Amino acid sequence: MVSPLLSVSNLHKTYGSGPSAFEALKGLDLDIAEGESIAIIGKSGSGKSTLMHLLALLDRPTFGSIVLDGTDTSRLSAKQLNQTRNSAFGFVFQQFFLNAQASVLDNVTLPLKIAGVGRRERTAQGIAALAQLELDDKAGNRANDLSGGQKQRVVIARALINQPRVIFADEPTGNLDTATGTVVEDILFDLNRRRGINLVVVTHDEELASRCDRRIYIRDGLIAAREAVAA
Amino acid sequence: MKGVDVLATAFRNAFRSRLRTSLTVLAIFIGAFTLSLTNGLGTGINQYIDDTVASVGVDDVMTVTKASEEEPTEGPAEYDPNQIATDGAPGATATALTDDDIDTIADIDGVESVEPSKSVLVDYVRHDDGTRYQLSVAELVPGMRMELVAGEQVDLDATDPELVLPESYVEPLDLGSAADAVGQTVALAVTDATGEQVTTEATVVGVAEPGVITMGGAVPNDVLAEELYDLQTTGAPEAETTRYAEASVSFDTTGGAAQTEALQDRLADAGFTGSTLEDQLGTITAVIDGIVLVLNGFAVIALVAAGIGIVNTLFMAVQERTREVGLMKAMGLSSGRVFSLFSIEAVVIGLVGSALGVLGAVGAGQLVNSVSGDLLADLPGLTLIAFDPVSIATVVLGVMAIALLAGTLPALRAARQDPISSLRYE
Ligand SMILES: Nc1ncnc2c1ncn2[C@@H]1O[C@H](COP(=O)(O)OP(=O)(O)OP(=O)(O)O)[C@@H](O)[C@H]1O
Ligand SMILES: [Mg+2]
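From first to last, the protein sequence lines are chains A and B.
Residues 23 to 253, numbered by our numbering, are exactly what the first sequence covers, in order.
Residues 15 to 440, numbered by our numbering, are exactly what the second sequence covers, in order.
Please note that a few of the clues may not be correct.
In silico DSSO-like pairs for lysine-lysine, Cα to Cα no more than 30 Å straight-line [as the list claims (entries may be wrong)]:
no., chain 1, residue 1, chain 2, residue 2
1, A, Lys-48, A, Lys-101
2, B, Lys-16, A, Lys-160
3, A, Lys-101, B, Lys-16
4, A, Lys-65, A, Lys-48
Just so you know, the hints here were simulated from the structure itself, not pulled from any lab data.
Keep in mind that this is a model prediction, so the values were computed, not measured.
Work out the full structure, taking the sequences as your base and the hints as a guide.
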């Protein structure tokens, strides 16, 4: 068997300390294979976002290990973590987190700017990413002037621009109507199929979850059930 | 993130909330404007004093008088046959220097040469049998330079009598323009000791702008001064001609202030008072520096208040951009870069405010100078508010430093921000 892209074992996350401490994750094991799409499902407060943040190296676990590509991430320095997130991950959140006053192009190229790519190269790649999402004619617009669906496509373009290996999406369609939500889903799964980009999707939406290769049900900080799509 | 991108982003961020930034910039503007103006005032006045020192003379000459033997006491002072009227306030006297005193001074260690000053009282100056005008003759010190409208400085070593005339005499004396006056001959009259009025002629070599020390006076060269003194003392008893109010002592300046002071001490031991031009003007400069320091203090207080404004502005910016910062950190922006983004933003606000403030001050200075030029016409050459590049740069850099300091706290808060809590939905 090929070694997994991400391998999680005995993952614990406790928020706070003392009497007010809250154990959000209570020893979770999970392997994500290269090119896989995974849905994380569960009730509100069950620890889905917490798990995603740990997988995305945005937070450190209280206990347990996360191995990315064979490297134990607990040994990475802050700088290496930053670099990994910048080069290997893309993020799509329920809220868009766009800089409303800046242009669509500037929003999309932000990860490249953080990576230290020069302006000319950034613009070229930004236009290309927007073209993929059929938004290249909006490159000069202010992000604020777009519709919700367009905004989420901008966010996906931004998540794509650094050629990531994993896209983490927390409720990516939560703010969109069904029709636009489906368009956004189509784009994400198309990326997964055609480019082999891993998808880690946190969702309430059974319909969206059903399109993933695998579904992880979380309850009270533990995996309640795993389901693979019956191919 | 690349350095240029950090700079460009910080610059753009600074103007994202235009009104807020403008108000903070205005506060800094006021502080920098005031500081530049008060600085400029000090520079202008001190520059004028320095220029005056240069036009009067030279820093290697001191004026030596005989120290009064007794301390001033209450009641009428006893008559001293050696007393002599001085140029000071009417009735002011000083104990005269005799030829013996001059010899004593010359022998003092450190004195290179001593020249008794021979004061000359000219009755009038006249050109071509025209109207006669009163004229005062200023004391000439080697190295003296004057602001000239036309012609040249007097040649000390010239064998022919020469003088520099004040500009105000050119027209009354019918000399034509200032340039025409140069090269013409004027007659000077003095009354000798026997009461007879005698005249001598001298060539005008230059026309001077009125200055503070030589105000309205003509400056003769050595030959002319000697000649006038000789004419004036003809027929006077020997005792009269060898009494001088003061003497100019040249000394070596290479030893610096300490050596100059040592020489003054030695003169004091011998019963004389030596004072350099700096001594005479130092008090004024010190007072001006003191006033400017107090004014600068007020301006700095304004700047500190403006600095607190920067702190406030940036805290608001950090608050506003919580999610943006969280997102950028999630995307791999290091805390160090976040810190630089916000502190540079503070510096940009400081730079804009101080640059505008300095520019405004230079403009206002020009305005004040043109007005004060009319009001203070008696002090020609005075630029009331002058700017030197160093103090301008100091103000701008100083404000930027204050801004940087002010930015630290908000920038630290932004840098420490946890990406997840900033991204959590509200
Ligand atoms: N910073 C924190 N401090 C304390 N408790 C926290 C913190 N973050 C999360 N929690 C708690 O951890 C639990 C899991 O939170 P998490 O955000 O992972 O839930 P979720 O499954 O994503 O829920 P939702 O579907 O509503 O987004 C919740 O009970 C939450 O209150
Ligand atoms: Mg959540």
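Hint check results:
Between A/Lys-48 and A/Lys-101 the CA atoms are separated by roughly 28 Å; this keeps the pair inside 30 Å, and the hint holds. With a C-alpha separation of about 26 Å, the suggested pair B/Lys-16 and A/Lys-160 falls inside the 30 Å cut-off, and the hint holds. Proximity of A/Lys-101 to B/Lys-16 is assessed by CA-CA distance (about 15 Å); at most 30 Å being required, the pair is judged to hold. A hinted pair counts as satisfied when its Cα atoms are at most 30 Å apart, and A/Lys-65 with A/Lys-48 qualifies at roughly 16 Å.
Comparing the model with each earlier hint shows no violations; every hint is respected.
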